[in-house]
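Visitor: Chain by chain, the residues:
4 protein chains.
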Amino acid sequence: MSPTPRPRIPVGVLGATGTVGQRFLSLLADHPWFRVVAVTGSDRTVGKRYGEAVQWILPGDVPAEAAALTVLPTAPDLAGADGKEIPLLFSALGSDVAGPAEAELRDAGYFVVSNAGSHRMDHDVPLVVPEVNGDHLEILRGRKGRGAIATNPNCSTIGLVLALRPLHDRFGIEAVNVVTLQAVSGAGLPGVASLQILDNVIPYIPSEEEKIESETCRILGRLGGAGGGPGIEPAPIAISAQCNRVPVLDGHTECVSVRLRDSAAPAQAAAALRELDPPGTRDLPSAPRPPIVVVEAADRPQPRLDRGRGRGMAVTVGRIRPCPVLDLRFVLLSHNTLRGAAGGALLVAEQAVAAGLVEGVVSPVGQAVGGQLLQARGLKPRKSS
Amino acid sequence: MSPTPRPRIPVGVLGATGTVGQRFLSLLADHPWFRVVAVTGSDRTVGKRYGEAVQWILPGDVPAEAAALTVLPTAPDLAGADGKEIPLLFSALGSDVAGPAEAELRDAGYFVVSNAGSHRMDHDVPLVVPEVNGDHLEILRGRKGRGAIATNPNCSTIGLVLALRPLHDRFGIEAVNVVTLQAVSGAGLPGVASLQILDNVIPYIPSEEEKIESETCRILGRLGGAGGGPGIEPAPIAISAQCNRVPVLDGHTECVSVRLRDSAAPAQAAAALRELDPPGTRDLPSAPRPPIVVVEAADRPQPRLDRGRGRGMAVTVGRIRPCPVLDLRFVLLSHNTLRGAAGGALLVAEQAVAAGLVEGVVSPVGQAVGGQLLQARGLKPRKSS
Amino acid sequence: MSPTPRPRIPVGVLGATGTVGQRFLSLLADHPWFRVVAVTGSDRTVGKRYGEAVQWILPGDVPAEAAALTVLPTAPDLAGADGKEIPLLFSALGSDVAGPAEAELRDAGYFVVSNAGSHRMDHDVPLVVPEVNGDHLEILRGRKGRGAIATNPNCSTIGLVLALRPLHDRFGIEAVNVVTLQAVSGAGLPGVASLQILDNVIPYIPSEEEKIESETCRILGRLGGAGGGPGIEPAPIAISAQCNRVPVLDGHTECVSVRLRDSAAPAQAAAALRELDPPGTRDLPSAPRPPIVVVEAADRPQPRLDRGRGRGMAVTVGRIRPCPVLDLRFVLLSHNTLRGAAGGALLVAEQAVAAGLVEGVVSPVGQAVGGQLLQARGLKPRKSS
Amino acid sequence: MSPTPRPRIPVGVLGATGTVGQRFLSLLADHPWFRVVAVTGSDRTVGKRYGEAVQWILPGDVPAEAAALTVLPTAPDLAGADGKEIPLLFSALGSDVAGPAEAELRDAGYFVVSNAGSHRMDHDVPLVVPEVNGDHLEILRGRKGRGAIATNPNCSTIGLVLALRPLHDRFGIEAVNVVTLQAVSGAGLPGVASLQILDNVIPYIPSEEEKIESETCRILGRLGGAGGGPGIEPAPIAISAQCNRVPVLDGHTECVSVRLRDSAAPAQAAAALRELDPPGTRDLPSAPRPPIVVVEAADRPQPRLDRGRGRGMAVTVGRIRPCPVLDLRFVLLSHNTLRGAAGGALLVAEQAVAAGLVEGVVSPVGQAVGGQLLQARGLKPRKSS
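First to last, the sequence lines map onto chains U, W, D and H. Its first residue numbered 1173, the first sequence is counted upward by one per residue in the working numbering. Its first residue numbered 1173, the second sequence is counted upward by one per residue in the working numbering. Its first residue numbered 1173, the third sequence is counted upward by one per residue in the working numbering. Its first residue numbered 1173, the fourth sequence is counted upward by one per residue in the working numbering.
Calculated from the structure, these hints are not laboratory results. No residue lacks a Cβ here, since even glycine has one placed at the ideal position from N, Cα and C. Be careful, since some hints might not be right.
Here are some of the chain U residues that sit facing chain D, going by a computed Cβ distance under 7 Å [to be verified]:
#1 Gly-1232
#2 Gly-1314
#3 Gly-1363
Derived lysine to any residue pairs resembling SDA-like cross-links, with alpha carbons at most 20 Å apart [said to hold, decoys possible]:
#4 W:Lys-1220 / W:Thr-1242
#5 W:Lys-1220 / D:Ala-1469
#6 H:Lys-1220 / H:Val-1234
#7 U:Lys-1220 / H:Glu-1468
#8 D:Lys-1220 / W:Ala-1469
#9 U:Lys-1220 / H:Arg-1342
#10 W:Lys-1220 / D:Glu-1468
With the hints as constraints, model all of the structure from the sequences given.
Guide: In structure tokens:
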């Protein structure tokens, strides 16, 4: 986890002035592998210094190095270079513009790790939580051309699949009922008006329930598509998600019930959750150890007290107990703008770099990690072209 | 609903200085049937004027009539009278003292309508939401002695059973998964510390889940116990409740999924909910018309916008849609200190008085209502002894 | 205060879909004098039914009568009529468009009562809080043409001048130091983002301090300008305002210190505040009686508990005590979207109508009120042309 | 600031289970000079492991070393030792018990650094903010007996005097008007009920205004009492404080106006604030560098964004501008449970230790600091007895 002596990899951040973009810059400010050399923004901000263009909403000041960068338009000729100079881009673009913009940049040769929803269900785009399905990144190996898009799931999905992964592997999940209590930071800025959420709950977040229901099945799905091709076969799990916005700044709470193929006592489930520790992510700078913290206190997890675990990258699970309707129920919490957005995407990028999937970038941890992606999930490596 | 010309019935409020007690006094300030003549409080407040003893937390000032009353100890010789003078008591006692205190007052001949949890599951105490199971009050008819206890369910249960009643009658409910987002006022004062709930969610409320799971089955149960006796046979419904405290002042939001015996399209369920209008409560002063408001907007109900419907006595239901795991899901909202506490208990008292169950008190709406309790639920009246 | 038998005066609401516009429609729904027959909105909403165009943020539903109106553009030919049919308009326009739009409507003959800041300091536009300086409306009497603009002060100014008026009359105010704690509803929608205000204070509201400092002097100023003309001579008071946004929905709290010409014990100041009861507003439908409520409890006023006094139209003052730096200090509270916006403007309109200042509209309370405007402030009436 | 190789000084924390006690343990967990070896608590907690006795409200878990300690009663024979073994105690006792308990421990020979208000105005107890009046600690030098009490001011006073110190030194402060917006954490647990503060402001905090008004004058006062004795002569400044509780977790905001002897342009005031850097605190582990951060953005400081500066030990000042009533006004923010409570007391202890004032403890930074206490304030050292 200590900085490597070799030069840090130059990266760009797309949509850098928004709330997710700010998180990216905050996390990348002292990153051992990456160094931000370009930021892009909307027409209103292009040409300004980032430090002047941004309405900074995180504690403290804008990171000095980023503050001095000039905001560029989101277009292929980033930094006026040919693309080789900035092999890796982080996308914090809004879903209104991410679709075509990211595709254009991929086609221009960039490796784009995106937090946007636009390409998550594309058959040639892996949707990845490294500890859960890092092996899905393999669909990018041997691809035509240098460019690629890899994506990070929806903020609510990430915490959920981290908790479901070990339960599914051990006991077989057949159905999931999840009700979320989501923080306002997930909506960005201006996002949820204070007049709407103070002393209130909004029991609806557009498209959120559909995303959780579809993304979860894809992420827990099997590498290797229906016809033996390189796609992902979704896991056959029935999922019901009900999403609420609550007056919390950061941290999504989720009340989960699951129906299992094999019976599981709460203590067995807790043990399975605690043991999640896939080899493919152990050496990545942003990976929390352990990824899942199981707490015993009856009234935990709580957003304000637990969202910071593992520097905002760990998921906290508590209240594991039998469910009178399905089989098992529990409460989970994850930090929605760290693990659930910028931090999660950063971890995907770290894994992709470590696995040698980003063309022109040598893995800081050796080629070993690449194989581990598959070994971690019990699969055999395919040949790289 | 207009005030009757006859003299109002003198009533007392037990535990009148707490948050629920304050709601009782607020609601009773201009009640057409009842007039508060006695208030009780803890040792710290006994002997003081109510207006000085109370830390009033509702908008505006203490109702003038109540402010002038002297706080009495919670004991049988209320007002120094023999009990006849105050036939009806409302109990806002905390669960730590309610059990023996209410029993003692019942034995002394008072008709006690309680918001406390202590006697809710007693076989000779009806647990009642008038529009749902007003007929359960019949177990008090022909009782030995004049005294009685009737109870109001837990604040989260009330909203739930109101929505479940018409669905159960029409489609047959087999299982319920409910996740609550509960307001802080439900915990009274000092209740939840601001330091615990600002920017936070607490995913645990002691005993709350158990109460919802057991009370719901009792309320939806059938009058007439197992052996043909006068008890209640609980409804055979599997229920899972997961309870959260959120930074909302008033109004419990509940995300509900149900498994049904007969299939129900969302529109059919909405129609069933809208049609709930039991004859046994129509003429009661505190009864909302209709009891259930079904809203169509995708982002409703919301606590701040909908908790006041029907003067805080109606339940609002929205987002009725199919459930991929069970059959149907929806969101409901009810005002936890009005419908869910003082207002709910007041409605129970009104129904008991209307049905002629409070000894020494003539029903303001005629004897007809008594019969309606049973007719409304499709049962035949038993003989009063 | 009871509805008059005569037909209600048709009025229009400009900018009706915003938060202030919604308050206007809510207050006008059952108004005894006025009836809303036209609403205007932005291009996005023109042509739609108001009920569909508005994102209603007040409790309950859109008033039925307003919901059915078609949203019109903000332009002189309202309702396709010649202006006579709608003599009175309420403006809830944003400050970005209010200036020219209101002037155009005035020139077209409408009497516009505006909540916007654009014309407040115009020499021919009265800036009025009826109980404070209703006589300033007299500058509209005998005006050329039928049209006029009358304005309502900034939301923070209104509460302040109500409390200052009787103190100034009795003791002579020389300086005022005011620090405000303002509710988020004052910023409208989207207004303050939840991400900015949860667990936070923003110690700055653009232009707010300047408005308080200048408007207060104008409102407390003397009718009759410098050269004996019809203008307003501002009161020579030094004012410092410091404004903060706090996570409160409705109700501005203000901590005030004043330097007085004549010494005033707290009890004398309280008496002066309690006695404010100008004859010129007594019979207006929206006027609170009394306009100022003085409370004794050490921890009052509080926004949530006191903002509703006088149906949101009264100002609550507490904690009156000596000031070690200036002379007297106290805390005041007023409801910023009722008294401080729509309700305040409505009261101005009522006073203007009562005083016979709205051409073509007969005063519902007789001509007497007109004279009272001046008599209430110790001035002689000028002739109406 | 790096840990010294010598053994860390054993310390105790009195009242360790409360919110301030928790902050002490959190700050002391990795302190380079101090090591917690004893914790005390109320009767309810005595004998339990601290980790079980405490209701931990800070993010993350109880520090492991503290969790294993057994809670002791607050009495002189701490750890069953003679007092020599634990030379230094931190008091987080409530004001209800702190007075006699701290006096008893002082008389038993302990050096007690207290956050409680009980002894702050005692003539032989220094009331200290190290960067402001560290020289006041000198009244403890040459004291009879080994024991002593040194105190930390009220949480609101600390931020204020830090900002006033350089202005007073440079321009001469004659009067101060301060209005505070205080966080709920200042009231501890249970403290302010959520039912009282959500969507609300409470314009009153018992005794707070008096504390600010008296403590500020003492802290800015001159070492050397009226008769040339060792006391403190208070600064002759007129101070008005008005205190409000707002729904913020941590961070007190203060709107300040000052009347100055010499005129000061805002830029001059800003420069004076930025230059505060007293030599007597430079090498203390908890001292922020700089102590005051001046920000330029119009809408800063804000509690959530600025309370963490200098690890919660720096004061942030913004909006420096002329005042139309007094001379200069500005907004300041300080973290009330770090700088304003446990962190502030810790800094006092560090300074006392560095100055050689704690008997039996060798200064980790050499004797030089002792002299600097006085030199920093332009005074000559007195002889130590």
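Visitor: Against the structure, test the hints numbered earlier, and report the numbers of the ones violated in rising order.
Guide: Going through the list in order, the structure violates hints 1, 2, 9 and respects the others.
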